[in-house]
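Peer 1: Given next are the chains, with one letter for each unit.
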Amino acid sequence: MRWDVDRFEKSLHRCNGCASIVGPASRPYLSPAKNAVSRLARSLIVCAACFLFVNANSAHGETLSAKDRAFFENKIRPALVQHCYECHSAGAESIGGNLLLDSSDGILQGGQTGPALVAKKPGESLIIQALRYHGVEMPPDDPLNETIVNDFVSWVQRGGQFPKSIEPNGPAGIASVAKESPLDREAFWSFLRRRDVPTPMIDDTNWPRDPLDQFVLARIEGAKFTPARDADPATLIRRLYVDLVGLQPTAEETEDFVADFQIDQPKTVERLVDQLLASSQFGERWGRHWLDVARYAESNGDDGLGRNASFPHAWRYRDYVIDAINRDVPYDRFITEQIAGDLLPAESAEQRNRQLVATGFLAIGAKPAAAMNKLFPMDVVDDQINTVCTAVMGVSVACARCHDHKHDPIPTADYYALAGIFASTETLYGLAGNEKLTAPPTALHELKSTWDESQRHQPTSASTDFPPNYSDTIDQLRPLVHAKLDKAPGDLKVAGDVSYTAANYAKVKNADLRGALNNAEDSYSVAFWFKNNTDNLARPITAYLFSRAKLGDKQLPGDHLGIGGAHDKSRSGKLFVFNGNQAKTSIVGTTVIASGTWNHVVMIRSKNRVRVFLNGQLKPEIDHEIAATFGDSTEFCFANRSDKFAPLDGNLAEFAIFERGLTDDESQRLHLASGQPRGAAPATVVLAMGTRDKAKPADCKIHINGGAKKGAAVPRGFLTAYRRLSDEKDPSKFVAANYSVNADESGRRELAAWLTHRDHPQTSRVMVNRIWQHLFGQGIVATPDDFGLYGARPSHPELLDHLANRFAEHWSIKQMIRAIVLSRTYQLDCQTSQRILDADPANRLLARHNRRRLDAESLRDSMLQASGQIDLNPGQGSAVEKVVSLINWPAGEATTLHRDSNHRSIYLCMLRHAPPPELAAFDFPDAVSIAGQRNATTLPTQSLFLLNSPFLVAQSSALANSLPKAPLNANADSVPGENVSDAERVTMIFRRALRRSPTTDEQQAALRHIQAIEEKLSPTVDDAHQRQNLAWASFCQALLSCNEFRYID
Amino acid sequence: MLQSASCGFGFLAMQALSGQRAAAQNAVAARAKRVIFLCMSGGPAQLDTFDYKPQVGKKPHAGSVVDFKRHGQSGMWVSDLMPETAKHADRLCVINGMHADTGNHAQSFLQLHTGEKLRKRPSMGSWINYGLGSENENLPGFISLNAAKHSVYSSEFLPSSFAGTPIGVNGENMSLATIRNIASDHLPPSAKREQLDFIQSMNRNHLAQRAGDAKLEGVIEMMELAFRMQSTAPELLDLSNETAQTLQRYRVGKKLSVGTCRPTDFGRQCLLARRFAEAGVRFIEVNHGSWDQHKDHRRDLKANCETTDAPIAALLEDLAARGLLDDTLVVWGGEFGRPGLTPGDGKNETGHNARGFTFWMAGGGVKSGYVHGRTDETGARAVEGKVHFRDLHATILNLVGLQHDQLTFHHEGRDHRLTGPEEARVVQEILA
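Chains H and W are the protein sequences, given in the same order. In terms of the UniProt record's numbering, the numbers along the first sequence are unbroken and rise by one, the last being 1049. In terms of the UniProt record's numbering, the numbers along the second sequence are unbroken and rise by one, the last being 432.
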């Protein structure tokens, strides 16, 4: 493979795909009719509702006709941006020929060679001559193709005008949005402050239960309809279970609920809702909704080179989300922790850890291979900007990376104001599979069990003031070589600068001491005292202490014990063991060893297991499988590595080497006999993905066209559209609030504060809409991730603001859900009159409830529940928590990392492009981008899953076997207590799977089915018991596969 | 109407359905119903296969380093390393003026498949299925054999019903590769039918109380489709009813591993492609690689040609014999080409060349025995009849009856198309 990065660079960031795609030039956007067609195609599949098309042609108060403007936007501007602005725009580093091509003024004024354009006279226009390579040749490296040149000719013929909105700032300017234009304000509705809407007047005042019902009913009454009847209690309890916890009620729970409901409806429903909201299953259901938004996954996904590195620590973020939802962490706090958790104060280690893990939100995105793109860091920033803005505000700002956003009021400058915040942030995602060409490896957050940092770095107070019998104690363990090192050792070969004293033993610098064992067995131990004088960040590796390796071999086969340095800051000052360039295993300890202190180390190899004890601690610093790679070599050296790289500058004492693996106890004795205090216990460090501020936060320069070439720096900040769109009378403090970013910080704290300001127009609207969507199957805004110009408009704008205002009072997700599910609107039946069905097929009036399919997780969990196999304890960790590798490599190795599990689906291993097979068929999101709304396709692969998947077969069999066995023939009563008739068993299975007893017809049909299957099996299956089991399992599978099981009313 | 809830209807049918007659009439006449894409990954050396560059003048220059001969009525030059394919010279439409944006494998490979170099976009097979809908009720419309990675068969933002179904991912053994959950042995087929009948009776009762719910109706239909697929797909994958002679013609099971040439069981892929084409799958991609012959060009080139030559010839022969070549478009090519070697200078390694390379097409609506465009005398860059990937995409869409600038999908606030925002051109010159 050879990487042609430079050439690629030029083409990559032209933002292919950002430009609106248009057919005939006369239509700047798709015509409403055409739009409706493509929408219809989708709506039949994803049941997306059609929404109003807004013609934005006249959105800008400019002199250009819509036609001319469209021509410019679609033909001329992309070409200018792509081919000319690198040199000829205000944002360019040095302006070529003093010519600016980013405004009418610039082009008419011209550059060194005079005016570049003569309106309506292409032949006389320099720009056309240059594009045709007549005299002047532009662009210099490659002539534009003829079509583009002809476009420029037409443009000049039409007058060569620029639309006003991008004057005079070009690609890096501020898109001015005409405040006075009423259509703009309609188009950018979500940027405008929320209104305090009084609840509307209604006729049927007995109907509503919650103020929100009044908004809904007003619309229904306005359309001269009446709402559907209330759902019956059996339907309602199932709806509440699935919506709130993603599980099914049992038949008994259903029957109890139905009975109580008849007596006291409101109290019965409230009691159930409160019970479900308080259960820990609630967080597993609603946490998963947030994970869709957070594009959560445990591997990187295809990075463009087909590589897919594991994210072994991502699952901690999953657990954080479940926990936060269960504790009902206020949404503003929830967002703040995910964006800036590392910058927030904490009162305990537990809180600190939780906040660090929360920032995993910013780190778990899919990244391109480093080899794909020189601007890799900006790709990470791009993912973060896009995720934060889309998740929280429902606004996509990605286009503004390369040019002012075409249809939302986001100028490029805003993008780079945000980019400065994330570019000042270090993203910690880990080793990226520890493979070449992937994303470059980074450190990770270290989660600590103690919060008081001052206790952690206490140097040991050890000295070499050993008792007189210390050397004898060492000898009692029969070392092969024991060198006290208060004078030159007899058994070792010394090279380099070494001096010996009784008080400080061997002082070494650029030296090594060598020896050999008698045999090359893969069990040995080594123990000694050392003092390192090199600062832990002074060089890439602070020091190598010991090598058991063939001396001088450049491939470094063998064991090498060293102290980490600046090369990897997460390892600085910590002991590590490395086994050479071939095997490449390197395991690091946790304790930071302060330079200038005496420390005792014992390294024990017992076959493939290596343990390293520091300062007499009972818990090893390192305890890991590490392949022995020294082969048949018996050599060793200390104070240096076998190839003389990174020698120790310091002191050594009481060196001993043993031709066997010492026991833990023996290791303790080697330290205990020294009379020195035991060192601090190694901290339990666990790792997490996340972010932290860079040492030197800085504003980001505009990247011209999103490429490598840079323009002016933009002060760190946020989106400016709100201020520009606000009217003078706006009393909101949000617009006026001043959020200047502290120069010493990235600005994520301020960003979070800005986003979660009570008056931020979008944040609360977007979240209540997400909540509404999960409860009704469609949002008030049908495009939950797009509140921009091209997104849908709210079906009930007043209702949206009413809910958003309520939500922003306390930011409680649970309270919002509670209010909605207790409303009359939520509790309506799915069935309604044909008149309403015909008039409102998409149910935009909310005069009935929407029938929905169980999603991938609820389907699997419900099946496990029915079969009795479900384990409702939280799943621990992840199948990949110890896997640092590419999950699909080498070629031909399909992913086999998924483990069988009966835990709820949220705990399954979510690998990008290798999703759990039990979930993959049912529109499980790919986690490459935000998925605020899942598809609900109907595909043959889903049916195949139901008919054939090992999961279904196993659950069906488990369900069949979980019930008392029927006797083989009617008169057999040999098994006491199991005298259950087949009809009774059918009823039991019905109640387990469908939470109700069968009708007589259903019972008869089931028995006929079981009988028929047994008959079909008789030619091939001899054993009667087995036939019976298979037939009953077939019946169970049928119930788990049918629509009644998979759809909720 | 049942089909509309599933994967049956494409964009064109939708336009007609929703009364957009004018738009539907804009559609071009379809010359092909399906596409077989012979994807040659790694950058096949065009100068030693189909773009003959003999030495001209006295000074040695870069060009072809293997011998070429003229073939067929058309007298088309084809490399001696492709003796079997050469017999079909009069069926080929060679495009020698291909060019692409980048000589970087991953990006160019992605652009070839999706029109985009880095961002994830739907693959052309998905676009075509989105545009045309399914031709066979019992099979997916897009099958990717020996797929290298997810991004080349993904439907991305298009509905997932248009995603490619991979058979054999990431180099797995093609003789074992299959469709997930296509079969199980927990019940014999007759019992499965019995079981499905029971499920469907439950479903119909459920539906009866919820009359008019198209989604529930769609599920009932889809259960039947899946049931039929269970027999159709494994039958198609099972080559035991092919004659020994056919297996030999396709070189099924031949696995040559030389240098960059991987053992891809290319013959099995081509034979499966024919069977899927016969069954009405819209878009079938087969894969062989790698043509990335950096180190030992001559040796690896020979192995790659030897692996692919006979199977491709057998495929063309069978398609023609069965009358399928008239409405099946076969497309051959990779993410870019390679610069030529200079005879006699002792060098045997080649790099990448995206400025000029070769694709060929055959069948469905393209000229036969025809060469379009040319590169300069050393094959370094396309100089005449230049065709960019987006032009190639526009042309393929045109051949199957779709207009590239009309086939759009709205996503993330804008309308996307396979050919991207830039102008693409249908290569009218090669249309029959």
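Think of the hints as simulated: they come from the structure by calculation, not from any bench. None of these values were measured; they are calculated from a predicted model. Please note that a few of the clues may not be correct.
Claimed, not checked - Derived PhoX-like pairs: lysine-lysine, alpha-carbon spacing no greater than 25 Å straight-line:
{"id": "1", "chain 1": "H", "residue 1": "Lys-374", "chain 2": "H", "residue 2": "Lys-448"}
{"id": "2", "chain 1": "H", "residue 1": "Lys-436", "chain 2": "W", "residue 2": "Lys-295"}
{"id": "3", "chain 1": "H", "residue 1": "Lys-554", "chain 2": "H", "residue 2": "Lys-644"}
{"id": "4", "chain 1": "W", "residue 1": "Lys-120", "chain 2": "H", "residue 2": "Lys-436"}
{"id": "5", "chain 1": "H", "residue 1": "Lys-484", "chain 2": "H", "residue 2": "Lys-507"}
{"id": "6", "chain 1": "H", "residue 1": "Lys-507", "chain 2": "H", "residue 2": "Lys-694"}
{"id": "7", "chain 1": "W", "residue 1": "Lys-192", "chain 2": "H", "residue 2": "Lys-374"}
{"id": "8", "chain 1": "H", "residue 1": "Lys-709", "chain 2": "H", "residue 2": "Lys-733"}
Peer 1: Please go over all the hints and tell whether each is borne out by the structure.
Peer 2: So, going through the hints one by one against the coordinates:
1. H:Lys-374 <-> H:Lys-448: Since the Cα atoms of Lys-374 (chain H) and Lys-448 (chain H) sit roughly 35 Å apart, the hinted pair is violated (cutoff 25 Å).
2. H:Lys-436 <-> W:Lys-295: Judged against 25 Å, a Cα distance of about 21 Å means the pair holds.
3. H:Lys-554 <-> H:Lys-644: With a Cα-Cα distance of about 10 Å, the restraint between Lys-554 (chain H) and Lys-644 (chain H) holds, given a limit of 25 Å.
4. W:Lys-120 <-> H:Lys-436: 22 Å, holds
5. H:Lys-484 <-> H:Lys-507: Satisfied, since the Cα-Cα distance of roughly 13 Å is no more than 25 Å.
6. H:Lys-507 <-> H:Lys-694: 38 Å, violated
7. W:Lys-192 <-> H:Lys-374: The given pair, whose Cα atoms are some 55 Å apart, is violated under the 25 Å limit.
8. H:Lys-709 <-> H:Lys-733: 38 Å, violated
Checked against the numbered hints given earlier, this structure breaks hints 1, 6, 7, 8; the rest are met.
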